[in-house]
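Protein chains: 2
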Amino acid sequence: MATKKIINKGDDAVDEMLDGILDAHADTVMRLDSNKRSIVSRNGPRKGKVGLVIGGGSGHEPSFLGFVGKGLADAAAIGNVFASPPPDPIIECTKAVDGGAGVLYMYGNYAGDVMNFDMAAEMVAMDDIEVRTVLSTDDIASAPLNEKHKRRGVAGNFFIFKAAGAACDKMLSLDECERIARKANDRTYTVGVALSPCSLPQTRKWNFEMGDDEMEIGMGIHGEPGMSREPLQTADDITDRIIDKIFGEMAPAKGDRVAVLVNSLGSTPLMELYIMNRRVHQRLRERGVEVHKTWVGTYCSSLEMAGASITLMHLDDELTGMIDHPCDCAMFSVK
Amino acid sequence: MATKKIINKGDDAVDEMLDGILDAHADTVMRLDSNKRSIVSRNGPRKGKVGLVIGGGSGHEPSFLGFVGKGLADAAAIGNVFASPPPDPIIECTKAVDGGAGVLYMYGNYAGDVMNFDMAAEMVAMDDIEVRTVLSTDDIASAPLNEKHKRRGVAGNFFIFKAAGAACDKMLSLDECERIARKANDRTYTVGVALSPCSLPQTRKWNFEMGDDEMEIGMGIHGEPGMSREPLQTADDITDRIIDKIFGEMAPAKGDRVAVLVNSLGSTPLMELYIMNRRVHQRLRERGVEVHKTWVGTYCSSLEMAGASITLMHLDDELTGMIDHPCDCAMFSVK
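Those protein sequence lines, which keep their order, are chains E and H. Under the numbering used here, the first residue of the first sequence carries the number 6, and numbering increases by one thereafter. Under the numbering used here, the first residue of the second sequence carries the number 6, and numbering increases by one thereafter.
Pulled out of the complex, with its shape left as it was, chain E reads as follows (with noise of 0.2 angstroms):
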């Protein structure tokens, strides 16, 4: 069966949302004149400062695009639906955003990106533009503690790449943006649950095949399997095993401060996000441990999936003020 979207061809879909973008949010972003598929910063990059290049597939708006604005990302190369940028957008991205002060390279670790990414490093390196890349790995399901470095990264993205850009805005060193990144990602922490497929708009099929009754505690964004299929549990149920899986790790002290993300993978509205939500507050409370501050809503999504994820940040002092630090982004702000 195929599934319903309102697009025109398929093939078409990215570079049409992407006109609609530019339509939409002008102000704030542009395109480049270079690479249809690079969105930079209007109001960001500038002389001196570190320059932050995130990117990946397509298919997970807000993110990446709407993450590029004064505070936060420079650019965003843009791939193909659920496919890593070619190196191409993320050089035109470097080098359009570079101030002299070296780039970040930020995005969730998949191999596909990290081979583009990393290629893309290789090139600008020769227009003596020094890269540096960190990685998130903030999704739990996708690999046990021991091998963190193969975890990949999802709705996490979102405080990691706050923090980052925010040290990029402040004109802090390379090296201090790079020493806070690889922090906001040691101390960010997603778990995910997913109620249905979604179908790529290429093929319109489902990307897999779930029982009416189940979920998938640990699925990732694009479909990949998680920690176990199960009858369809409440919602305080579903958000105690997240943060249990999640304090597991984490293990905030009484008194410790974090930042909340409760993010929809698509079509779970915002009713089931908030009442997932007060549930995450009261773990919290019980526990001893300070909100900061909460983003309840669509983050990083997964086309029309349903389901959501449960993203908590380990705050320190130096976190917080990268969190609370302004941003203008096409489809986010921090005043």
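To be clear, the hints were calculated from the coordinates, so they are not data collected in a lab. Keep in mind that this is a model prediction, so the values were computed, not measured.
Just so you know, same-sequence chains aren't split out, so a pair can sit in one copy or run between any two.
Derived DSS-like pairs (lysine-lysine); straight-line CA-CA distance at most 25 angstroms:
#1 Lys175 <-> Lys340
#2 Lys41 <-> Lys298
#3 Lys298 <-> Lys75
#4 Lys259 <-> Lys298
#5 Lys340 <-> Lys298
#6 Lys188 <-> Lys340
#7 Lys175 <-> Lys188
#8 Lys75 <-> Lys175
Place chain H on chain E using the hints.
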């Protein structure tokens, strides 16, 4: 077949959602002790200001409570899913936001809402609070032009409430606030398209049937019948159908200005909304109409329904000022 939702007991969904909203947005909104379905802005209401009370059924989040905050609505009365709030929370909201200059009631034109808000207005009149009511009727498909008073309010609420909230925040008189609210409604046009039904938390049954290749232009946000059920078309064709319908009534002249809202009804993702937005802007450019500002995202939903709506507000200088006026709400802000 029961639909999948991340909830606990269906009957608790609305109150648990409100708990989660208060946990996330306690700096912006509060719940009244006198009625747990009354959500009030922390920073909006003040002496001498016309109070703006909005409200309606749950399941349309971020409508309506997401638009409570300084510069927009002072309070929202919360109903059960797809059901009007009873008079009590409306009355308590009214008393809480009354600054001695009168209170404006604004909500979509649905029989249950009209009955309950009118009853509340009668009750608070005994406390010498003067209430004026402006119903939103932006849904073109819901009744013919010569019966415009029968039309329902849908996503255009966002623009209409925004304009009225700005007028109130500018400390204009009740007469002026009412006049601007009516003008905002008169100049706002919405048409939606539905691709799937949704299901209520209590029943988890689809609220109507729709074929695998069907869409319905003009369907209401509770599944009210639209203008026509037909095979799914391309994004451009759907957008053209909607824009033609809006242009037919708005009749914008060359050089006129509009605000654009492309709204998801629930599970339709940003990619598809931006593809529609691209076509909206193409059509406006072709006609020589200037776009003052564009919003794309979820502003008035129907739980997890697939589909979208397009709203245009025909701006004049006064409405432009109201749309640009800053506001700071739980789920929306303008700087």
